[in-house]
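2 protein chains.
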Amino acid sequence: MDKIVSLCRRRGFVFPSSEIYGGLGSTYDYGHYGVLLRDNIRQLWLRAMVRERDDIVALDSAVILNPRVWEASGHLAEFNDPLVDCRTCKLRFRADQLGQSQCGRKPSKHPGETPECDLTEPRQFNLMFQTHVGALQDESSVAYLRPETAQGIFINFKNVLQLARRKPPFGIAQIGKAFRNEITPGNFVFRVREFELMEMEYFVPPDEAAEWHRYWIEERMGWYRKYGLRESMLRAREHGEEERSHYSSATSDLEYRYPIGWQELEGVANRGDFDLTQHTKHSGTKLEYVGSDGERYTPWVIEPAVSMERIFVALLADAYHEEEVAERQRTVLQLHPAMSPVKAAVLPLINKNEDMVARARRLYEELRGEWVVEYDDSGQIGRRYRRQDEIGTPFAFTIDEQTLEDETVTVRHRDSLAQERLPISGVKAWLGDALRRDWRSPKGD
Amino acid sequence: MDKIVSLCRRRGFVFPSSEIYGGLGSTYDYGHYGVLLRDNIRQLWLRAMVRERDDIVALDSAVILNPRVWEASGHLAEFNDPLVDCRTCKLRFRADQLGQSQCGRKPSKHPGETPECDLTEPRQFNLMFQTHVGALQDESSVAYLRPETAQGIFINFKNVLQLARRKPPFGIAQIGKAFRNEITPGNFVFRVREFELMEMEYFVPPDEAAEWHRYWIEERMGWYRKYGLRESMLRAREHGEEERSHYSSATSDLEYRYPIGWQELEGVANRGDFDLTQHTKHSGTKLEYVGSDGERYTPWVIEPAVSMERIFVALLADAYHEEEVAERQRTVLQLHPAMSPVKAAVLPLINKNEDMVARARRLYEELRGEWVVEYDDSGQIGRRYRRQDEIGTPFAFTIDEQTLEDETVTVRHRDSLAQERLPISGVKAWLGDALRRDWRSPKGD
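Going down the list, the protein sequences come from chains A and B.
Positions 1 to 445 (our numbering) are the ones given, in order, by the first sequence.
Positions 446 to 890 (our numbering) are the ones given, in order, by the second sequence.
Rather than coming from a laboratory, the hints here were simulated on the basis of the structure.
Misleading hints may appear alongside valid ones.
[Said to hold, decoys possible] Quick list of simulated restraints, FRET-style, between CB atoms:
| no. | chain 1 | residue 1 | chain 2 | residue 2 | range |
| --- | --- | --- | --- | --- | --- |
| 1 | B | Arg680 | A | Glu218 | 36 to 44 Å |
| 2 | A | Arg437 | B | Ala874 | 21 to 29 Å |
| 3 | A | Thr184 | B | Glu566 | 52 to 60 Å |
| 4 | A | Thr184 | B | Thr722 | 31 to 39 Å |
| 5 | A | His246 | B | Gly470 | 46 to 54 Å |
| 6 | A | Glu324 | B | Ala655 | 26 to 34 Å |
| 7 | B | Ser823 | A | Glu420 | 27 to 35 Å |
| 8 | A | Thr120 | B | Ser451 | 25 to 33 Å |
| 9 | A | Leu417 | B | Ser585 | 21 to 29 Å |
| 10 | B | Glu497 | A | Lys352 | 41 to 49 Å |
[Said to hold, decoys possible] Under the rule of at most 27 Å between Cα atoms (straight-line distance), these lysine-lysine pairs were calculated in the DSSO-like manner:
| no. | chain 1 | residue 1 | chain 2 | residue 2 |
| --- | --- | --- | --- | --- |
| 11 | B | Lys873 | A | Lys428 |
| 12 | A | Lys177 | B | Lys622 |
| 13 | B | Lys603 | B | Lys448 |
| 14 | B | Lys612 | A | Lys352 |
| 15 | B | Lys612 | A | Lys158 |
| 16 | B | Lys612 | A | Lys167 |
| 17 | A | Lys3 | B | Lys603 |
| 18 | B | Lys448 | B | Lys797 |
For each residue, glycine too, the CB sits at the ideal point set by N, CA and C.
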């Protein structure tokens with residue numbers, strides 16, 4: 001994990017946030033390549049979940065909703081961590097993680113045995129960030145930053161049902177920021193207080209729920225394999241009854257073998273009719289499906305939900321590779337080309353040669369209209385290749401002496417390091433084909 | 446404006462948020478077509494500001510930053526509205542907008558003259574939303590939701606300067622949510638409490654600042670014209686000294702003639718060295734440019750800044766058009782095709798004809814890999830056209846009897862209502878060309 005964090009910093013994928021002010025615990029800002037990678041994740045998720053389907057529409061609901069939403073959803077009552085205070089050191093800890101907690105006088109699971117910490121009984125601490133909307137700062141103006149995007153979907157169920165003329169099974173997908181006041185964030189961007197959720201609520205007839213639950217576990221697993229995560233690093237694990245959230249009838253975690261061990265990548269939950277029923281009760285608006293034949297029921301909900309950040313770390317962990325090539329260490333991100341922030345680099349071999357530079361610029365201008373492409377003429381060619389390897393650029397086109405003679409260029413493949421020559425006029429079509437091809441991790445399955 | 450709001454609701458672009466709970470003043474959720482339109486705005490802004498340029502990189506910083514950022518930026522001290530309380534009705538009003546305020550006992554600009562309202566002296570109310578990070582709810586844990594994305598850029602200035610090996614002039618662009626606790630939001634999504642900012646900070650040598658300021662006003666004006674806003678509805682207006690924000694050396698508003706009158710669409714500010722100097726002072730980290738020749742200065746900053754929502758409303762207002770065609774009322778969104786949520790519709794003329802349906806589905810499957818395309822076989826063809834007109838789909842391909850005979854389809858043009866026949870095998874290439882062509886509003890300039 002340290003190596004990934006270091007690469008992210010060095011190459012401008014991720015910076016610790018507010019660094020010049022000493023940071024702000026476990027908050028991160030994304031640099032240029034981080035933004036590009038995140039945008040690829042977002043667009044490929046949307047492509048699979050909305051654009052290639054007829055049965056799912058998109059939604060973008062507000063971060064600050066009417067607070068009654070969180071009363072109905074159960075988050076006000078249930079979305080808690082148990083906390084204890086220490087009467088001696090005045091620090092606060094998660095009661096279920098005392099073993100890992102740190103303070104000057106380390107608390108213990110058995111407070112009676114250590115004189116240093118004097119812990120209170122655990123009490124419930126709500127993980128929603130609280131704020132006030134409007135000019136008054138009293139109970140009437142309290143509001144919350146959403147801890148998930150799903151509730152924004154449920155409260156728009158009726159709008160979509162009517163306006164998009166839908167009949168179950170159909171889904172509503174949303175990507176957006178969510179906020180949780182985690183007491184113990186950490187492990188790079190793996191557990192952070194603000195993150196980007198990608199959630200889809202799929203509304204189905206109740207008797208089809210179990211079948212659709214299995215379907216979405218398979219679909220989402222297939223998506224990760226398609227974009228290069230190795231089979232051996234992925235598994236589905238069903239939650240035990242005691243692990244399940246208050247709304248869940250059944251949940252399976254798709255887990256990835258992160259550098260810190262097997263951890264949740266995505267959750268696929270069967271939420272039953274919990275949410276639509278709760279919002280019907282609390283709002284007085286009936287959230288149900290009524291067919292033209294008079295058929296009437298409250299749909300059940302299957303929810304594949306994942307945070308951008310978990311995919312981001314899984315992709316980088318899977319792609320990170322070090323090897324020795326010609327007695328030099330090479331670090332390379334073996335990302336699926338569709339995920340790579342930059343699709344190709346265009347490099348004049350000798351940056352003092354004006355003809356090479358001009359020819360390279362011309363090729364660069366031709367390609368950048370279609371894809372994110374970089375032009376680089378600074379320093380030795382070897383250093384330039386290594387820089388592209390580290391940001392995961394799958395192809396590099398080099399303009400050299402021979403180009404000026406016969407209008408061919410060298411293409412260098414990031415993973416195999418193979419080089420071949422192509423006519424410069426065919427580079428655009430070649431790159432288009434290469435980016436459409438299936439790709440598998442050189443590390444195997 | 447009412448007609449636009451009504452269309453947005455009817456066609457699922459925008460819903461009042463939390464509607465089943467009585468809403469939450471001036472908060473909105475975006476439906477399917479709203480999400481698609483917003484994504485087009487985002488991608489076309491990024492294309493012009495980052496992808497087509499060598500001198501600008503992207504950034505995505507956190508919403509909740511170290512609170513010292515807002516001390517340094519001046520937002521804690523200066524980002525205020527003057528408020529007054531009424532001792533009688535207990536409501537709170539903006540002191541500078543008393544004339545427009547409403548309560549049971551309407552306040553007056555001259556409190557002495559109306560016995561109903563008994564107003565206090567104005568006091569400053571900070572527009573930043575406040576929350577607490579971590580388990581303690583005291584002064585030490587206070588944090589703010591960012592009211593702009595710009596500060597996230599300034600505090601990463603040094604990271605980008607070093608890692609992206611940049612030399613002024615260069616820019617950092619960011620798109621992201623921002624939050625302002627507006628006392629008087631309103632006018633649909635025109636003034637809302639949470640919105641999406643698109644800001645670019647362009648760092649330049651101080652003596653070039655005025656020139657770059659003019660450059661960016663022109664660039665941004667050109668972007669709006671390119672994507673179809675009419676010349677006659679756009680103007681640039683320089684701020685008077687008294688209008689300027691605390692950080693600004695000079696600001697020009699690009700204004701659009703909204704249904705509510707001329708209003709700011711985008712601001713292009715010359716922020717001078719205010720921000721880098723403030724953050725240098727408050728953080729102790731020198732934020733300056735040092736050249737390899739020892740040249741050293743604090744860059745000045747030119748900032749084009751616009752909210753997604755202002756562009757969204759301007760595009761819809763410019764595109765909204767009603768006309769009578771063959772004695773029927775037609776409502777059409779004459780959007781630039783690059784902005785249109787859906788690029789083409791594929792329609793079988795007779796939805797009971799299985800061959801037509803199959804042929805239409807096949808064309809649809811071919812096109813949807815490239816673009817957002819809709820297939821629709823429900824109801825009369827006339828109704829289906831009108832539905833596509835209202836969401837601004839520029840082209841509709843209709844599969845009819847003749848298609849089954851000679852493999853041609855009809856293409857219907859949204860703006861001119863012209864129809865022509867094309868070979869079905871050439872539709873994909875035709876659409877690609879059509880979407881690349883320049884487009885001008887049929888309403889003229």
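Quick rundown of the hints versus the structure:
no.: 1; hint: Arg680(B) to Glu218(A): 36 to 44 Å; in the structure: 56 Å, violated
no.: 2; hint: Arg437(A) to Ala874(B): 21 to 29 Å; in the structure: 22 Å, holds
no.: 3; hint: Thr184(A) to Glu566(B): 52 to 60 Å; in the structure: 46 Å, violated
no.: 4; hint: Thr184(A) to Thr722(B): 31 to 39 Å; in the structure: 37 Å, holds
no.: 5; hint: His246(A) to Gly470(B): 46 to 54 Å; in the structure: 30 Å, violated
no.: 6; hint: Glu324(A) to Ala655(B): 26 to 34 Å; in the structure: 54 Å, violated
no.: 7; hint: Ser823(B) to Glu420(A): 27 to 35 Å; in the structure: 51 Å, violated
no.: 8; hint: Thr120(A) to Ser451(B): 25 to 33 Å; in the structure: 56 Å, violated
no.: 9; hint: Leu417(A) to Ser585(B): 21 to 29 Å; in the structure: 53 Å, violated
no.: 10; hint: Glu497(B) to Lys352(A): 41 to 49 Å; in the structure: 27 Å, violated
no.: 11; hint: Lys873(B) to Lys428(A); in the structure: 19 Å, holds
no.: 12; hint: Lys177(A) to Lys622(B); in the structure: 9 Å, holds
no.: 13; hint: Lys603(B) to Lys448(B); in the structure: 48 Å, violated
no.: 14; hint: Lys612(B) to Lys352(A); in the structure: 20 Å, holds
no.: 15; hint: Lys612(B) to Lys158(A); in the structure: 53 Å, violated
no.: 16; hint: Lys612(B) to Lys167(A); in the structure: 56 Å, violated
no.: 17; hint: Lys3(A) to Lys603(B); in the structure: 22 Å, holds
no.: 18; hint: Lys448(B) to Lys797(B); in the structure: 35 Å, violated
Violated hints, in rising order: 1, 3, 5, 6, 7, 8, 9, 10, 13, 15, 16, 18; the structure is consistent with all others.
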